[in-house]
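Novice: Chains as they are written, first to last, in the working numbering: chain A, 1 to 214; chain B, 215 to 495; chain C, 496 to 975.
Some hints could be false.
Dumping the calculated SDA-like pairs for lysine to any residue here, alpha-carbon to alpha-carbon at most 20 Å [unchecked claim]:
(1) LYS958/C with HIS934/C
(2) LYS746/C with ASP177/A
(3) LYS383/B with VAL347/B
(4) LYS646/C with GLY196/A
(5) LYS383/B with ARG529/C
Hints in this document: simulated from the structure, not taken from any laboratory. Computed from a predicted model, the values in this text were never measured in an experiment.
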Amino acid sequence: MPSESQTSFFSRITDALAERGEPVELPDDLEIARVIDATEDLVEVFATRVEQVGMHAHRAAGESAAVAKVLELVEALAARSAIVPDEPMPARDAIIAGLRSRGVGLLSPDEPDAAFEADVGITGVRMAVAETASMSVVGGGKHRRLASLAVPAHVALVRADQIVPDLIDWGRAATADPPANEVLISAMSKTADIEGILVPGVHGPGTVHVVIIE
Amino acid sequence: MRVSLFVTCLSDLYFPEVAESVVRVLHRLGIACDFPAGQTCCGQPALNSGYLDEARTVARRMIDVFADAETVVTPSGSCCATVREYFPHLLKADPAEHRRAQAMAAKTFEFTEFLQKRLKVDWSRWDLPYSAVATFHYSCHNRGIGMSPDDILGLVRQFRGLKYRSLVKTEQCCGFGGTFAVKFGEISGAMVQDKIACVKATGADTLICNDGGCTLNIIGALHREGVNIQVKHVASMLDEAMKAGNNRQLYARRADGPATVPLHSCSCGHGVTAAGGGGAG
Amino acid sequence: MSHPLPIVAEDFKHRAAAAATNLRIAEIFDRSARGKDDLRRLAMPELPHPLDTRELAARIKNHTLQNLDRYLDQFASRVRDHGGHVHFAADGTQANQIITEIAQAASAGLIVKSKSMVSEEIELNHALQAAGLNVLETDLGEYILQLAGEKPSHIVTPMAHKPKEEVGQLFAAKLGIPYTDDPTALTKAARKVLRESFRAADMGIIGANFAVAETGTVVIVTNEGNGRFCSSRPRLLVCLMGMEKLVPQLKHVPIYLKLLAKSATGQRITCYTSMITGPKRAGDFDGPEEFHVVILDNGRSHVLAGEYRDALRCIRCGACLNACPIYRKIGGHAYDATYPGPIGSVISPLFTSLATYADLPSACSLCGACLEACPVRIDLPTQLIHLRSDVNKDGHSPLSWRLGFKGWKLGMSSGLLYRLGATFGRWFMKIGARDGWKHKLPATGGIWTRYRDVPVMPKPFHKRWADLQKELDEEGKDER
Numbered sequence: 001m002p003s004e005s006q007t008s009f010f011s012r013i014t015d016a017l018a019e020r021g022e023p024v025e026l027p028d029d030l031e032i033a034r035v036i037d038a039t040e041d042l043v044e045v046f047a048t049r050v051e052q053v054g055m056h057a058h059r060a061a062g063e064s065a066a067v068a069k070v071l072e073l074v075e076a077l078a079a080r081s082a083i084v085p086d087e088p089m090p091a092r093d094a095i096i097a098g099l100r101s102r103g104v105g106l107l108s109p110d111e112p113d114a115a116f117e118a119d120v121g122i123t124g125v126r127m128a129v130a131e132t133a134s135m136s137v138v139g140g141g142k143h144r145r146l147a148s149l150a151v152p153a154h155v156a157l158v159r160a161d162q163i164v165p166d167l168i169d170w171g172r173a174a175t176a177d178p179p180a181n182e183v184l185i186s187a188m189s190k191t192a193d194i195e196g197i198l199v200p201g202v203h204g205p206g207t208v209h210v211v212i213i214e
Numbered sequence: 215m216r217v218s219l220f221v222t223c224l225s226d227l228y229f230p231e232v233a234e235s236v237v238r239v240l241h242r243l244g245i246a247c248d249f250p251a252g253q254t255c256c257g258q259p260a261l262n263s264g265y266l267d268e269a270r271t272v273a274r275r276m277i278d279v280f281a282d283a284e285t286v287v288t289p290s291g292s293c294c295a296t297v298r299e300y301f302p303h304l305l306k307a308d309p310a311e312h313r314r315a316q317a318m319a320a321k322t323f324e325f326t327e328f329l330q331k332r333l334k335v336d337w338s339r340w341d342l343p344y345s346a347v348a349t350f351h352y353s354c355h356n357r358g359i360g361m362s363p364d365d366i367l368g369l370v371r372q373f374r375g376l377k378y379r380s381l382v383k384t385e386q387c388c389g390f391g392g393t394f395a396v397k398f399g400e401i402s403g404a405m406v407q408d409k410i411a412c413v414k415a416t417g418a419d420t421l422i423c424n425d426g427g428c429t430l431n432i433i434g435a436l437h438r439e440g441v442n443i444q445v446k447h448v449a450s451m452l453d454e455a456m457k458a459g460n461n462r463q464l465y466a467r468r469a470d471g472p473a474t475v476p477l478h479s480c481s482c483g484h485g486v487t488a489a490g491g492g493g494a495g
Numbered sequence: 496m497s498h499p500l501p502i503v504a505e506d507f508k509h510r511a512a513a514a515a516t517n518l519r520i521a522e523i524f525d526r527s528a529r530g531k532d533d534l535r536r537l538a539m540p541e542l543p544h545p546l547d548t549r550e551l552a553a554r555i556k557n558h559t560l561q562n563l564d565r566y567l568d569q570f571a572s573r574v575r576d577h578g579g580h581v582h583f584a585a586d587g588t589q590a591n592q593i594i595t596e597i598a599q600a601a602s603a604g605l606i607v608k609s610k611s612m613v614s615e616e617i618e619l620n621h622a623l624q625a626a627g628l629n630v631l632e633t634d635l636g637e638y639i640l641q642l643a644g645e646k647p648s649h650i651v652t653p654m655a656h657k658p659k660e661e662v663g664q665l666f667a668a669k670l671g672i673p674y675t676d677d678p679t680a681l682t683k684a685a686r687k688v689l690r691e692s693f694r695a696a697d698m699g700i701i702g703a704n705f706a707v708a709e710t711g712t713v714v715i716v717t718n719e720g721n722g723r724f725c726s727s728r729p730r731l732l733v734c735l736m737g738m739e740k741l742v743p744q745l746k747h748v749p750i751y752l753k754l755l756a757k758s759a760t761g762q763r764i765t766c767y768t769s770m771i772t773g774p775k776r777a778g779d780f781d782g783p784e785e786f787h788v789v790i791l792d793n794g795r796s797h798v799l800a801g802e803y804r805d806a807l808r809c810i811r812c813g814a815c816l817n818a819c820p821i822y823r824k825i826g827g828h829a830y831d832a833t834y835p836g837p838i839g840s841v842i843s844p845l846f847t848s849l850a851t852y853a854d855l856p857s858a859c860s861l862c863g864a865c866l867e868a869c870p871v872r873i874d875l876p877t878q879l880i881h882l883r884s885d886v887n888k889d890g891h892s893p894l895s896w897r898l899g900f901k902g903w904k905l906g907m908s909s910g911l912l913y914r915l916g917a918t919f920g921r922w923f924m925k926i927g928a929r930d931g932w933k934h935k936l937p938a939t940g941g942i943w944t945r946y947r948d949v950p951v952m953p954k955p956f957h958k959r960w961a962d963l964q965k966e967l968d969e970e971g972k973d974e975r
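For reference, chain A alone in the conformation it holds in the complex:
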């Protein structure tokens, strides 16, 4: 490789910083950027903001109501096939049983192209953020990066206790050793590149349903 050696690259930087100027402390007052705090009704804030960006929020009282809602959504989407990765997710077994009984084809998550073929992807989340209507979805292990991306519709299950108030809380929860891949999903895939006109579903899902289990 024609790469410059790290030593010579760094020597330019060190030279450039010969006069560093007055030392600037690393600020710690991140809280001034906080928008939502823990005193607010986080489920309400999250659900409202999910809707504001064009995703759909569904509040379900308990897991069985959530399963019913997921199955109802799959039916409404007229989905004939689904990908449900073998990842930690509320009521996964019940959802799979329900999909089977309704004749929805379950594509094997171990098939590399399954997410490209499925009509819907159903996943859990690691964490959700009320402020930005974000859902943190991690890669690795049995997670499937494309199950929330290559599908035309994504159904995400979020437990109410997974919702943190603010993006700052998400940042503080991050460990010094993160997974190889984490994504914050904060809306459906969309573009406004052609004359600023919003078109959903440009590459990834055009529809995102968020089922919140209270």
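Got chain A sorted already, so can you dock chains B and C onto it with the hints?
Specialist: Below, chains B and C alone, put in the same frame as chain A:
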């Protein structure tokens, strides 16, 4: 309180009536105004064109001229911003000079800012002697002195007898920019044409503007296109309103004490005239 | 296909003049740029302390830049700890070679690429294609520009200049679909092509919005999700980043995510934010097997050294372009630079040479709208003033101007000379004036009078002062 007028070269040469109005208005508010002789320019043209040594020389001189001034008031936002934002920056190499520049910056105010933020004048006491449909041009350099469009509009809209029409692209520069206007004539021309198109679209008969550079640019373009809209400085309007008779009411009210016109330095006797005014000088 | 907005002049002044007198450019960019500027103004107040938050973002970057050697070293070590490869490139040529060789060594067939301004800066696609590699832009706007053979006109919305009818004609010609100018139908047509490309690609190239020193994480944001595809599906992933992209820890990322989306498009946050920490781990089902980070200098260390260091805080949100009245009038192409608008007028000459872009720093009315918009509070107007000074000192400005300001200084250094000059000027302005106005000035003044008349000068204030005092004395007596 004693005020020293920094007229600015542009107002001196092109808009002397505005500067006269500034002095009259301050006088009627009970503030004596002096006019330090020998003042020229704040150095803005050189500064903006990147001739920093030349700007520095002129800035030093300006600080000397106003060395004895207690408070400096100017009818131009951009010249005020030059003093406040750039004098300390230009003269930061020498600590003593830097301190003098900072002191100059701290005592210099743009006229509407001075009225709004220092004197906290309640303008709603004055009627315009005529009815006007007006819109307002936000001079960019008001940004540099911390005056938002709302700050100045808050003032202007207090006038009774004035119908205000909002202007689209309020935050967009009129295209003056000093030497920019002749270095990039076409861009500057397109910008001022855009500005006057927006002004025309309001249907206003009066454009309020509190900067000489913007005014010279905009009146020139309006005249070239044969558009009959008068451009007025806030000081001129206030002068007219005060002159129109309500000044008696003002003087009567001022006897009530500092609640209506809180002149903080009234009691310290720094050249503040007695009620009714004894004249400057 | 001909360029829709022909700006072909060789030097900036002529390109800018041509663009400024092209009403179509003004209309397009006024709509797109001002539209986004309005969205930013609406979005920002969601933060309870917008200005403090921007200052905070600036301070974090100041600290990081001041200790860039330490943080960059930490970042590189962490990427390697995770099994990634780190390459250092002094300039664009080196970076292009590195990426070309990575692709060739892995026999990469199709390369899918996410939008990256650094890759535009070093003309990466050109280099890859010259080496016989097949690289496809996957951001819809960049994809369309690649098909059309055009350059971006904005750093966030690259095809702001291109009307939908032209996209329709382009797709009909290149993709063989029936003509339509419906953005939804056009987007669907592109989706079909790009999905197959994501599926088939061997290699992905992404930029980095942020890079986290403590964890060796690169952060990319996309609304479309193409960044996720490029970094998830292909077996090989290359991230090209400018060396200034670092932040110390993951907990600092939210501050920038909040500001970036609001400043760029008025969104609360971009649709997808990917945090990529090395290649896939043992036992992971998906993700790249091989992960390379290419860290680029290309003039940045030079900027780090001098009085323009603050410019390296830039997070490429495009807010200064949207706020800039000059950008709105001439569009992005007239600059003929990777980075147009206010930030571009600062970093283009700094990243390349002052001589190449000597006119850019002056193409600005110093209105301050860019500083007001900037989420990391870069004092662009002051930096532009200093660049103008550099241009003058390097002798890139005309002698007449340099001499002119020496004369000006002399005149303004004496009250007497100033007043003499005023008298002469007043007399001069009366010559040829009609009804109190002059319609044409000589020399440079003629540029001014191309678009405006000039009023003759009245009796100056300094000659009215004595009378004014008398008047006020009288008024005072009346009142008593």
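Novice: Which numbered hints are broken by the structure, listed smallest first?
Specialist: Going through the list in order, the structure violates hint 1 alone and respects the others.
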